[in-house]
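> The lines below spell out each chain.
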Amino acid sequence: DSGVTQTPKHLITATGQRVTLRCSPRSGDLSVYWYQQSLDQGLQFLIQYYNGEERAKGNILERFSAQQFPDLHSELNLSSLELGDSALYFCASSSRDRGPYEQYFGPGTRLTVT
Amino acid sequence: AQKVTQAQTEISVVEKEDVTLDCVYETRDTTYYLFWYKQPPSGELVFLIRRNSFDEQNEISGRYSWNFQKSTSSFNFTITASQVVDSAVYFCALSESPETNFGNEKLTFGTGTRLTIIP
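Quick mapping for you: the protein sequence lines, in order, are chains A and B.
Quick note: the first sequence uses the numbering used here, first residue 34, plus one each step.
Quick note: the second sequence uses the numbering used here, first residue 7, plus one each step.
Hints are computed from structural coordinates only; laboratory data are not their basis.
Note that the coordinates shown come from a computational prediction; the quantities given were computed from them, not determined experimentally.
Where hints are given, some of them may not hold.
Claimed, not checked - Sample of chain B residues facing chain A (criterion: CB under 7 Å; computed from the structure):
#	residue
1	49
2	50
3	51
4	53
5	56
6	78
7	115
8	120
Claimed, not checked - Simulated restraints on C-beta separations:
#	chain 1	residue 1	chain 2	residue 2	range
9	A	87	B	8	40 to 48 Å
10	A	100	B	49	36 to 44 Å
11	B	66	A	61	25 to 33 Å
12	B	62	A	51	42 to 50 Å
13	B	37	A	60	26 to 34 Å
14	A	143	B	60	21 to 29 Å
15	A	61	B	65	38 to 46 Å
16	B	87	A	94	43 to 51 Å
17	B	21	A	104	22 to 30 Å
A virtual CB, placed ideally from N, CA and C, is assigned to each residue, including glycine.
Just chain B, with the same shape it has in the complex (with noise of 0.2 Å):
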């Protein structure tokens, strides 16, 4: 079965600090997929990222950015220089390869990190 732990419930930093919210997951597929979507206060899920198992190259985009350790389990995300915008509520999720298992492409997700950038 599928597992995705957040272990961080609650993170509060100062504004212009960078965190790093932490993501391990579980899996016996060999190909899968792994996501971040983020969840403000409004309350609609924004998809940020997608990772397949293939590929670990770490990824930036503007202050964000994901490392993808396969060895770990883990794929974690780092926002640096945080902005108040940046507050709300992160998940990551996984997914079964939907080319080996067609059609079958449910999200497993974390149960969330809040994340609160403090002015």
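Pulled out of the complex, with its shape left as it was, chain A reads as follows (with noise of 0.2 Å):
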């Protein structure tokens, strides 16, 4: 157990429609990563939230946006879905103060669009 955790597990959704996955980081960890594992673009970096911020932008959709909150907790809101977002999508968090700067993930949200 990594100690980060994410809901819902999985997710099935129509085409159009809104979804949002939370995460939730180790405990003192202030970044958060979100990642998309798809079969056709592999692991792909998303944004990464530093202690509230947005530090890096990835190759995410503008349909898609996060948002990291004062309690650290962050959320990837997803909308007018469409097929081809159908992926598993990973939240990572890390910690500055403890040096490593290992990511650790999370156990993921399966997202299917149909």
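Each of the two chains sits in its own frame; use the hints to bring them together as a complex.
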């Protein structure tokens, strides 16, 4: 168990809908990262937050947005969903204060768009 | 731009054999970090090791060992005496140094190697 929690584990929704994925980082970790794993794109970085502020953006679509709240949990919002958004979405957390900067991943949310 | 190449898409070996997973990376940074993650059939990503670009010492952890060679931009992973529980997809990843690029610690992943251990 990495200490990173993600809800829900599975999500099935229809095209055009909007969903919210939630992530709670390990205790004390200030950085949260979102990644998407799909068959055609592999594992891709989407966005990073550090202590509530956006730090880095990757290949994140404009239909997607994220935020990190004062209690450090994070949400990834996906809107106007398309079939191609079906993927496994991972959240990871890390801590600069603890030195090594390893990113510990949550169990992922499997999103299926029908 | 950073890039990680895992040329071996799938590998199958018989239990107790040794197996090496290859990883070649590209980066313009002089300071960077390399990682290996394991993704078992259950789907989670499990951290295995982190290496910084200044530490070229090989590392051994039980049956796992890693060989980092800056001269060939490679960070290979060897499993000795493989076991069925080693069956998984293994990812190599690269990140810039947080010291030189604060806040940008995103991981660039390779495409993964699917390892199957045959009992």
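> Run every hint past the structure and note whether it holds.
Verification of the supplied hints:
1. 49: 6 Å, holds
2. 50: Holds: closest Cβ of chain A sits about 5 Å from residue 50 of chain B, inside 7 Å.
3. 51: 4 Å, holds
4. 53: 5 Å, holds
5. 56: 5 Å, holds
6. 78: Not OK, violated: residue 78 of chain B not within 7 Å of chain A, min 23 Å.
7. 115: 4 Å, holds
8. 120: Violated, because the Cβ-Cβ distance from residue 120 of chain B to chain A comes to roughly 13 Å (cut-off 7 Å).
9. A:87 / B:8: 40 to 48 Å: Given range 40 to 48 Å: violated, Cβ gap about 20 Å.
10. A:100 / B:49: 36 to 44 Å: 25 Å, violated
11. B:66 / A:61: 25 to 33 Å: Holds, at about 29 Å.
12. B:62 / A:51: 42 to 50 Å: 48 Å, holds
13. B:37 / A:60: 26 to 34 Å: 29 Å, holds
14. A:143 / B:60: 21 to 29 Å: 38 Å, violated
15. A:61 / B:65: 38 to 46 Å: Since residue 61 of chain A and residue 65 of chain B have Cβ atoms about 26 Å apart, the given range 38 to 46 Å is violated.
16. B:87 / A:94: 43 to 51 Å: 44 Å, holds
17. B:21 / A:104: 22 to 30 Å: For residue 21 of chain B and residue 104 of chain A the Cβ distance comes to about 46 Å; the hint is violated.
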